[in-house]
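Engineer: Letter by letter, the chains look like this.
Protein chains: 2
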Amino acid sequence: MRIIETIGALQEHLGQCRDQGKTIALVPTMGGLHAGHLQLVDKAKTSADIVVASIFVNPTQFAPNEDLDKYPHSPEADKKGLVDRGADVLFLPSVQQIYPENQTSDYEVGEIAALLCGKSRPIHFDGVAQVVSRFFDIVEPDVAVFGEKDYQQLQIIKQLVKRQNRNISIASIEIARESDGLAMSTRNKYLSTSERMLAPHFNQALRQAKSNYESGMALDDLINKARESLGRPFELDYFEVLDANTLTQITTSSADVIIVSAVKLGITRLIDNIVFRRSNV
Amino acid sequence: MRIIETIGALQEHLGQCRDQGKTIALVPTMGGLHAGHLQLVDKAKTSADIVVASIFVNPTQFAPNEDLDKYPHSPEADKKGLVDRGADVLFLPSVQQIYPENQTSDYEVGEIAALLCGKSRPIHFDGVAQVVSRFFDIVEPDVAVFGEKDYQQLQIIKQLVKRQNRNISIASIEIARESDGLAMSTRNKYLSTSERMLAPHFNQALRQAKSNYESGMALDDLINKARESLGRPFELDYFEVLDANTLTQITTSSADVIIVSAVKLGITRLIDNIVFRRSNV
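Same order as they appear, the protein sequences are chains R and D. According to this note's numbering, the stretch in the first sequence is residues 1 to 281, in order. According to this note's numbering, the stretch in the second sequence is residues 1001 to 1281, in order.
Check before you lean on any hint, since a few could be wrong.
What the hints assert, rightly or not - For lysine-lysine, the following BS3-like pairs were computed, each having C-alpha atoms within a straight-line distance of at most 30 Å: (1) D:Lys1225 - R:Lys264; (2) R:Lys45 - R:Lys119; (3) D:Lys1210 - R:Lys225; (4) R:Lys70 - D:Lys1264; (5) R:Lys22 - R:Lys80; (6) D:Lys1043 - D:Lys1210; (7) D:Lys1043 - D:Lys1070; (8) D:Lys1264 - R:Lys189; (9) D:Lys1189 - R:Lys225; (10) D:Lys1264 - D:Lys1189; (11) R:Lys264 - D:Lys1070; (12) D:Lys1225 - D:Lys1210; (13) R:Lys264 - D:Lys1043; (14) D:Lys1225 - R:Lys70.
Quick caveat, the hints were computed from the structure, so don't treat them as lab data.
Make a model of the complete structure from these sequences and hints.
Structural biologist: Written out as structure tokens, the structure reads:
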């Protein structure tokens, strides 16, 4: 695996690959890689000839009160994992490389950025769209691969590609989970032993809500039940049942449903979702 | 079971019992009875002829920020439990009966009231001593029975009996526990489902500390280990390893050791302890 730290060197290398007729997949990450990230690499390997993984903790998607400074990093383990899974290039740019003139976002994410996680993280998705646009400009991948845990982010990126008329296909993988159902996340490292023990309740509440939805329970009732089951020390940020394609209210024409939620458990923000086809369409 | 609400009626009834040569045991409670309380009644039955259980939520042992107003009560279940276990009298006085002139404590508990739970509940043990003195004056029992969960309270009451030269023997019973080790407490009702699931960690930390003590670990180390294992959402109030008879530092002449701790879990304050004989005396 080549480790490349500058945009110039990366573009030179990728130019050579393209000259050989090779296609390129991008797996953008913030490091602190877990098994879910490595599954992104697997997916990228099946989608293109060359896999470029990047590690860049993007400052513009963190608010001042968030965990930018202590975001977990594990560079040696990350490198080993990426080599093991067959990534071809690890791109490790500096903040200076990515934002040479301290420029702010030139892409307005719009309404979808104000929903769900956007309510409690108002600048987050502008920062995500900014850094993803920037990486798309630099890498010009044929495919980019994202996880479905960050479902709202995935929808925002799909919208961005469409609006910017980019010729990039967006691939995604299902949420990778620990054996007890907890969605894998770099931030799970923040959980205390006791919180880690409780954390699987979060996914259980989503699964219970799905089961209640499928047995015809009214939305208000199933959401209230979920709120009750996620009592202290969970602090519920949101718990919503929406059209999975629009992230708005379910209508008669909705084909897929998403049950999506965010909670705080102590200092740790957890998100999770379940997407499923409506059986009664 | 006779239910008696006035001091006059109680004293008249108990006078008749005494005239028949019967001895009297007192089981003072604040209601919200659990299996541990009912074991106090069993103990009282084996200690005297007549068992007087009382239910009185004593306002003078609650600070303004504490849970006096929402202390759990379950009068019907309490009555049924006391009848089933063979209590002879249930004494249910009003606050006006117990504190007719809004009098404050005439008994100074002294140093022992400032330790452990007394640090975070500074008026608590003065209130306990006040109400127990008052009940001793009213009931004049031969025996009074208390639980060992409130170990500091038990020591304070033993001291009070000695200082006041009362002819009352103080009996106690071991901590009654749920099957997962959690010490029974009326306040366990405050725990959320998730907190209830975690709560047994508290007793596990005490048992681990005992095991570490017995294998010779230094006190600082074993206390630090306990602090670590009781991470979020537990908030440790204190965790101490002391001479069980004096509640002060262990010395070469200490015969029994107590590991005693208080934590908060959400809004719920939990206390627990383990008392054991020093093997190396």
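Engineer: Each hint: holds or not?
Structural biologist: Results for each hint:
no. : hint                  : verdict
1   : D:Lys1225 - R:Lys264  : holds, 26 Å
2   : R:Lys45 - R:Lys119    : violated, 35 Å
3   : D:Lys1210 - R:Lys225  : violated, 41 Å
4   : R:Lys70 - D:Lys1264   : holds, 27 Å
5   : R:Lys22 - R:Lys80     : holds, 24 Å
6   : D:Lys1043 - D:Lys1210 : holds, 27 Å
7   : D:Lys1043 - D:Lys1070 : holds, 29 Å
8   : D:Lys1264 - R:Lys189  : holds, 23 Å
9   : D:Lys1189 - R:Lys225  : holds, 20 Å
10  : D:Lys1264 - D:Lys1189 : holds, 14 Å
11  : R:Lys264 - D:Lys1070  : holds, 27 Å
12  : D:Lys1225 - D:Lys1210 : holds, 12 Å
13  : R:Lys264 - D:Lys1043  : violated, 46 Å
14  : D:Lys1225 - R:Lys70   : holds, 24 Å
In this structure, the hints that do not hold are numbers 2, 3, 13, in rising order.
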